[in-house]
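Enquirer: For the record, the sequence lines run as chains A and B.
Going by this note's numbering, the letters in the first sequence line up with residues 1 to 115, in that order.
Going by this note's numbering, the letters in the second sequence line up with residues 1 to 111, in that order.
Keep in mind the hints are simulated off the structure, nothing from the lab.
Check before you lean on any hint, since a few could be wrong.
[Stated by the list, open to error] Okay, the calculated beta carbon distance ranges per label pair:
#1 Thr95(A) / Asp78(B): 47 to 55 Å
#2 Leu115(A) / Glu45(B): 28 to 36 Å
#3 Arg63(A) / Asn27(B): 44 to 52 Å
#4 Lys40(A) / Pro81(B): 23 to 31 Å
#5 Pro69(A) / Asn55(B): 16 to 24 Å
#6 Tyr39(B) / Ser65(A): 42 to 50 Å
#7 Pro8(A) / Ser40(B): 32 to 40 Å
[To be verified] Chain A side only, calculated, beta carbon under 10 Å to chain B, not exhaustive:
#8 Lys9
#9 Lys40
#10 Ser48
#11 Lys52
#12 Ile55
#13 Val88
#14 Ser94
#15 Phe105
#16 Phe106
#17 Glu108
[To be verified] Computed cross-link-like contacts, BS3-like style, restricted to lysine-lysine with a CA-CA straight-line distance of at most 25 Å:
#18 Lys19(A) / Lys9(A)
#19 Lys71(A) / Lys98(B)
#20 Lys41(A) / Lys42(B)
#21 Lys44(A) / Lys67(B)
Owing to the predicted nature of the structure, the values given are computational and were not obtained by experimental measurement.
Just so you know, even glycine gets a beta-carbon here, dropped at the ideal spot from N, CA and C.
Here is how the chains run, residue by residue.
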Amino acid sequence: DTAVSQTPKYLVTQMGNDKSIKCEQNLGHDTMYWYKQDSKKFLKIMFSYNNKELIINETVPNRFSPKSPDKAHLNLHINSLELGDSAVYFCASSTSGGANTGELFFGEGSRLTVL
Amino acid sequence: QKEVEQDPGPLSVPEGAIVSLNCTYSNSAFQYFMWYRQYSRKGPELLMYTYSSGNKEDGRFTAQVDKSSKYISLFIRDSQPSDSATYLCAMKRAAGNKLTFGGGTRVLVKP
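Please construct the entire structure, taking both the sequences and the accompanying hints into account.
Expert: Quick look at the structure:
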């Protein structure tokens, strides 16, 4: 009964490949996010969706494309992977009120290594 | 210069000691301030949030915000080995959903 679940947890791939990470939340939240955590532990927002509508799209290469089929799911597809894409990608969710106060629920992360 | 600065540590304390963590920031528009705890290979989990300046206490945890100095703190009393983790501060403006995180401070509580 994991609240925010991401798959896969680990991903090792070659440069130039395309990969996807999936996220699902069973908390009934209406807002979902993708954050990227680099090797120095800095978490940086990439995208946010509210009720399937994109509301935050940070300066991210257009090789990264999020997709929210419904408000419980948010996927991340990455084309033409580069070495610099190696990081831990976290999915998170919140209520609309929680989004306002910063109360996010994070998944356990998907560790991407690009060789 | 990052918008939110946090000493990466590690901060090593004996069990039972008070852990003192802090962040400084440069953007005076930040209104909400959070502390997240992240265990190794896990996602961050929210410990506390505060709005604007002031103190907030929850069990062994106390968060303080001094907006005039652009400085926030988290104190952990009676620290336990299970408190060993990375502590991330985060903050946001009044409007919008974007959180800006510090880089985290790694804390080690030794038995």
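Enquirer: Look at each hint and say if it fits the structure.
Expert: Hint by hint, here is what the structure shows:
| no. | hint | result |
| --- | --- | --- |
| 1 | Thr95(A) / Asp78(B): 47 to 55 Å | violated (32 Å) |
| 2 | Leu115(A) / Glu45(B): 28 to 36 Å | holds (31 Å) |
| 3 | Arg63(A) / Asn27(B): 44 to 52 Å | violated (29 Å) |
| 4 | Lys40(A) / Pro81(B): 23 to 31 Å | holds (25 Å) |
| 5 | Pro69(A) / Asn55(B): 16 to 24 Å | violated (43 Å) |
| 6 | Tyr39(B) / Ser65(A): 42 to 50 Å | violated (31 Å) |
| 7 | Pro8(A) / Ser40(B): 32 to 40 Å | violated (19 Å) |
| 8 | Lys9 | holds (9 Å) |
| 9 | Lys40 | holds (6 Å) |
| 10 | Ser48 | holds (5 Å) |
| 11 | Lys52 | violated (15 Å) |
| 12 | Ile55 | holds (7 Å) |
| 13 | Val88 | holds (9 Å) |
| 14 | Ser94 | holds (8 Å) |
| 15 | Phe105 | holds (8 Å) |
| 16 | Phe106 | holds (3 Å) |
| 17 | Glu108 | holds (5 Å) |
| 18 | Lys19(A) / Lys9(A) | holds (13 Å) |
| 19 | Lys71(A) / Lys98(B) | holds (18 Å) |
| 20 | Lys41(A) / Lys42(B) | holds (12 Å) |
| 21 | Lys44(A) / Lys67(B) | holds (23 Å) |
Figure legend: structure checked against the earlier numbered hints; hints not met, in rising order: 1, 3, 5, 6, 7 and 11.
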